[in-house]
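Asker: Given the coordinates of chain V, assemble chain E onto it according to the supplied hints.
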Amino acid sequence: MKNLLYILLLTSHIFFAQKGFENGNALYQKGKYQEAITAYETELSANKQSAELYFNLGNCYYKLNKVAPSIYNYEKALLLNPDDIEIQNNLKFAQKLQIDDIKTVEKVGFNKVIQDFTNTFHYNTWGGITVGLSIVFLLFFVGYYFSEITVSKRLFFLGMFVVMLLLLVSVSSAIFEKNQFNNDQPAIVFSEVVSVKSEPKVGSSDAFMLHEGTKVYILETLDNWNKIQLTDGNEGWIENSAIKRLK
Amino acid sequence: MKRYLILLFLSFQAIIAQVQFEAKVSKQTLGLNERLRIDFTMNDDGDNFTPPNFEGFKVVAGPSQQVSQSWINGRSSFNKTYSYFLLPMQKGTLVIRQASIDIRGQIYKTSPIKITVTAAVEQPREPNDSQVSADESLHLVAEISKTNPYLNEPITVVYKIYFSYNIGITNWRELDKPKYNDFWSQNIDIKQLVAEEGRYNGEKYRFVTLRKTVLYPQKSGKLVIEPLSLDVDVQLPSNRRNIFGQVLLVEDHKRVSAGAKTINVKALPEAGKPADFSGAVGRFAFKVTPSKTNIKSGESLDLEVSVSGTGNLKLFTLPKPIVPTALEMYDPVHSEQVSTPLSGMTGRISDKYAIIPQYKGKYPIKPMTFTYFDLGSKSYKTVTSPEIMINVLEGPNAADNSVATTSDTKKAAVLSSAQFKFIKLKTDLISMKQSDFYGSTLFYLLTLLPFLCIPIIVFFKKKKEAIDGDVAGNKIKLSNKLAKKYLSEAQKEIGNKEPFYIALEKAMHNFLKAKINIETSEMSKEKISEILLERKANPESITAFINLTENCEFARYAPSTSTAIQQDYDKAVAIISELEKQIV
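As given, the protein sequences belong to chains V and E, one line each in that order.
Going by my numbering, 123 is the number at position 120 of the first sequence; the sequence numbering is gapless.
Going by my numbering, 1025 is the number at position 296 of the second sequence; the sequence numbering is gapless.
The shape of chain V in the complex, shown without the other chains:
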């Protein structure tokens, strides 16, 4: 009886927690996109998030032809769920609304190979793998230590070294990935048109112009200026108010 009550309590809690999401979906279905946004945002203000929530928000903004918020929310969704095909698809639709078309310059070299490798998992997953490997290492040690047969003893000993190596790889991957995550500071341009300066000063000369919806990477910050890099390698300084950080 008591268990049942708990289950009931929990489910009703979940139901309550997702009310904004469900409401938003219903409003979206009716074509009331602005209201749907308000409904979805109640979830965000309650510090709840999910890839789907951001995806739906992005859809609403897309329907309202608001470029920057739409792209912003899709990118947010992709941060939580990078492999979702639907999110990637709709992001491409939203990117057609933006004015700038910035080429992506592929990175090459050894660094790129390492990045691709560490990118296969999130750093938390790498952490989990590390823990798992250290337990496996212990098991191998126990096997080695208590084994009576010479062959299995040797095998366990060899296995111990292999596991140790893998463990070091996974730990360094986690460190590298975490570092990468902290250094990677994408942002979306929210101003309709903004001039990127060559120096962090109001009066300095314009390096180039950006339009809303463009994704930039923040490299450095000075007062209310951010040094940004575009996917094609161009760099410049932009004011804080013109962009919104994704992280």
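The hints are simulated quantities; they were obtained by calculation from the structure and are not laboratory data.
All C-beta atoms in this analysis are idealised placements derived from N, C-alpha and C, irrespective of residue type, glycine included.
Possibly wrong hints are sitting among the right ones.
No more than 27 angstroms apart at the CA atoms, straight line, and that leaves these computed lysine-lysine pairs for DSSO-like [stated by the list, open to error]:
| hint | chain 1 | residue 1 | chain 2 | residue 2 |
| --- | --- | --- | --- | --- |
| 1 | E | Lys1002 | V | Lys200 |
| 2 | E | Lys1153 | V | Lys250 |
| 3 | E | Lys1162 | V | Lys22 |
| 4 | V | Lys35 | E | Lys1155 |
| 5 | E | Lys1150 | V | Lys250 |
| 6 | E | Lys1049 | E | Lys1107 |
| 7 | V | Lys66 | E | Lys1150 |
| 8 | V | Lys33 | E | Lys1150 |
| 9 | E | Lys1150 | V | Lys247 |
| 10 | V | Lys35 | E | Lys1095 |
| 11 | E | Lys1095 | V | Lys106 |
| 12 | V | Lys106 | E | Lys1150 |
| 13 | V | Lys35 | E | Lys1150 |
| 14 | V | Lys156 | E | Lys1192 |
| 15 | E | Lys1091 | V | Lys33 |
| 16 | V | Lys22 | E | Lys1150 |
| 17 | E | Lys1155 | V | Lys250 |
| 18 | V | Lys181 | E | Lys1162 |
| 19 | V | Lys95 | E | Lys1095 |
| 20 | E | Lys1021 | V | Lys95 |
| 21 | V | Lys66 | E | Lys1095 |
| 22 | V | Lys66 | E | Lys1025 |
| 23 | E | Lys1155 | V | Lys66 |
| 24 | E | Lys1193 | V | Lys156 |
| 25 | V | Lys247 | E | Lys1162 |
| 26 | E | Lys1155 | V | Lys22 |
| 27 | E | Lys1091 | V | Lys35 |
| 28 | E | Lys1153 | V | Lys51 |
| 29 | V | Lys22 | E | Lys1153 |
| 30 | E | Lys1095 | V | Lys247 |
| 31 | E | Lys1155 | V | Lys95 |
| 32 | E | Lys1025 | V | Lys106 |
| 33 | V | Lys250 | E | Lys1162 |
Pair ranges (Cβ atoms, derived) [stated by the list, open to error]:
| hint | chain 1 | residue 1 | chain 2 | residue 2 | range |
| --- | --- | --- | --- | --- | --- |
| 34 | V | Asp235 | E | Lys1110 | 37 to 43 angstroms |
| 35 | E | Val953 | V | Asp235 | 50 to 56 angstroms |
| 36 | E | Arg1264 | V | Lys156 | 42 to 48 angstroms |
| 37 | V | Asp235 | E | Ile1186 | 55 to 61 angstroms |
Answerer: Then chain E, alone, in the frame of chain V:
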């Protein structure tokens, strides 16, 4: 001697003084519309007179020759003059070069004369001169619609020639064309000159409109319109009449000039001037019209940006639309349908952009703004076009362009059907403030724990091996354990006499085994007391112990009360604990 010398000197002087050849002008400075008389005078008869080529002048009359000879008091004087009437053709400083003459085999030259020609001047009135009467009755007037316009505000200049009823005009030539520096000008062609009637200074005149020009000032400040000067052939009435009593007309030409006009151009106000102001002044309507909004990819679309109305239409550029890069936009075709009547340019200018979308999707064309200065309200007005959404219904997808261009039509067809996906209906909301597993204490603990386990395992295994290796110690341990076990069994059986005493005896034996390490077979009172004494046990305790062991055997078969059993148990516990303390 001295007298001869003086005489010779004097006679020479007389010869030098005798020949004079010089040029004289009536004035050194004159207006463009004035005439100049130049006389080349000599006091001796000469031949081969060569006049200079009067550069910059037009010879109106001449040469006229005049010779005078007189004898006064027996002295003869001779004077010969060549006269020219000149009309300056241009303003500035002109030089009349040398004229030469051959007098008695000697060539004489005049010195060059500098003449300064200024702009046309008003000529004073001379009542009886027929020239003056032409001045009276011929006027060139420049009518300017507004002398303090704004920058780019149209003004008109109309040149009219007024002439009174008693003169006639047969022809004219333009001497000075008006120059409109810092103006954009448009001449309005006058197909046929028509004489109209009008008033000039209150008098009745006929007038002909010669030129109409619309001007758009391109610079603020004081701008000067250079005057128009005309050389007009006029027919003037003379004082003579023919036999029928009609007034005889005299052909003459006359120069008229409209004075220079100064126009004070006001700059457009800076207050409220938008940043994207392109200089349009007037009253305009602004429109951005796409030829269609729903198209297939590869089809073209025309976007027309047009401005219509009145104002300086030809003098500003139209705003350029901003479109997403995925739309291919070509350079515009500019077209102007502007007519320029006296009131200023009116009509329509447009830029037509051909746009070809490449990929499927929705593309916004940003709202465009056009700002102009409204002369009516003297303020800036901004017209904003609405945002235009171009829907490309069919076509390849932007991201998959590499696939779309391949010949594999089947694949492309599948991809081209990629749609904007509907919202997701299910979700698991998670808290935003999720702490990372990596880097947390739990992570470090879980990672290091297995490694910490390794020495512990090693330690325990070592200990176990040590314990396993120690045989005697193990026996003692076992006996000790058994002693305790039997003692506790005895306590349980405290009601039943027989099992109690058996357990008690076993407990005692095992205690001994554990403590002094002897076998049950070796047990005898003597040996026990001997060993115990060796181990420095109290003799009293030893006897008590032996007594109790013996007592156990008796008590098993002898009747005894439960109080005796309890006493025995307490005794056993006391002795065992005592011996435990005493044995080394």
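Asker: Each hint: holds or not?
Answerer: Hint check results:
1. E/Lys1002 - V/Lys200: holds (24 angstroms)
2. E/Lys1153 - V/Lys250: With a Cα-Cα distance of about 23 angstroms, the restraint between E/Lys1153 and V/Lys250 holds, given a limit of 27 angstroms.
3. E/Lys1162 - V/Lys22: The given pair, whose Cα atoms are some 20 angstroms apart, holds under the 27 angstroms limit.
4. V/Lys35 - E/Lys1155: Holds - the C-alpha atoms of E/Lys1155 and V/Lys35 are around 19 angstroms apart, at most 27 angstroms.
5. E/Lys1150 - V/Lys250: holds (25 angstroms)
6. E/Lys1049 - E/Lys1107: At roughly 26 angstroms apart (the allowed maximum being 27 angstroms), E/Lys1107 and E/Lys1049 satisfy the hint.
7. V/Lys66 - E/Lys1150: Cα-Cα ~12 angstroms, so holds.
8. V/Lys33 - E/Lys1150: Roughly 16 angstroms between the alpha carbons, so the hint for V/Lys33 and E/Lys1150 holds.
9. E/Lys1150 - V/Lys247: Holds. E/Lys1150 to V/Lys247 sits at ~25 angstroms (cutoff 27 angstroms).
10. V/Lys35 - E/Lys1095: holds (24 angstroms)
11. E/Lys1095 - V/Lys106: holds (22 angstroms)
12. V/Lys106 - E/Lys1150: Roughly 25 angstroms separates the two Cα atoms, so the pair holds.
13. V/Lys35 - E/Lys1150: Holds, because 17 angstroms separates the two Cα atoms, which is no more than 27 angstroms.
14. V/Lys156 - E/Lys1192: Answer holds: V/Lys156 to E/Lys1192 is near 21 angstroms, not above 27 angstroms.
15. E/Lys1091 - V/Lys33: holds (21 angstroms)
16. V/Lys22 - E/Lys1150: holds (22 angstroms)
17. E/Lys1155 - V/Lys250: holds (24 angstroms)
18. V/Lys181 - E/Lys1162: holds (17 angstroms)
19. V/Lys95 - E/Lys1095: Distance of about 19 angstroms is within 27 angstroms: holds.
20. E/Lys1021 - V/Lys95: holds (24 angstroms)
21. V/Lys66 - E/Lys1095: holds (16 angstroms)
22. V/Lys66 - E/Lys1025: Holds, at roughly 20 angstroms.
23. E/Lys1155 - V/Lys66: holds (20 angstroms)
24. E/Lys1193 - V/Lys156: holds (20 angstroms)
25. V/Lys247 - E/Lys1162: Roughly 19 angstroms separates the two Cα atoms, so the pair holds.
26. E/Lys1155 - V/Lys22: holds (12 angstroms)
27. E/Lys1091 - V/Lys35: Since the Cα atoms of E/Lys1091 and V/Lys35 sit roughly 19 angstroms apart, the hinted pair holds (cutoff 27 angstroms).
28. E/Lys1153 - V/Lys51: It holds: about 16 angstroms lies between the C-alpha atoms, which stays within 27 angstroms.
29. V/Lys22 - E/Lys1153: holds (15 angstroms)
30. E/Lys1095 - V/Lys247: At roughly 21 angstroms apart (the allowed maximum being 27 angstroms), V/Lys247 and E/Lys1095 satisfy the hint.
31. E/Lys1155 - V/Lys95: holds (22 angstroms)
32. E/Lys1025 - V/Lys106: Measuring from Cα to Cα gives roughly 25 angstroms; hence the hint holds.
33. V/Lys250 - E/Lys1162: Holds, at about 12 angstroms.
34. V/Asp235 - E/Lys1110: 37 to 43 angstroms: holds (40 angstroms)
35. E/Val953 - V/Asp235: 50 to 56 angstroms: Check passed, 55 angstroms falls within 50 to 56 angstroms.
36. E/Arg1264 - V/Lys156: 42 to 48 angstroms: holds (47 angstroms)
37. V/Asp235 - E/Ile1186: 55 to 61 angstroms: holds (57 angstroms)
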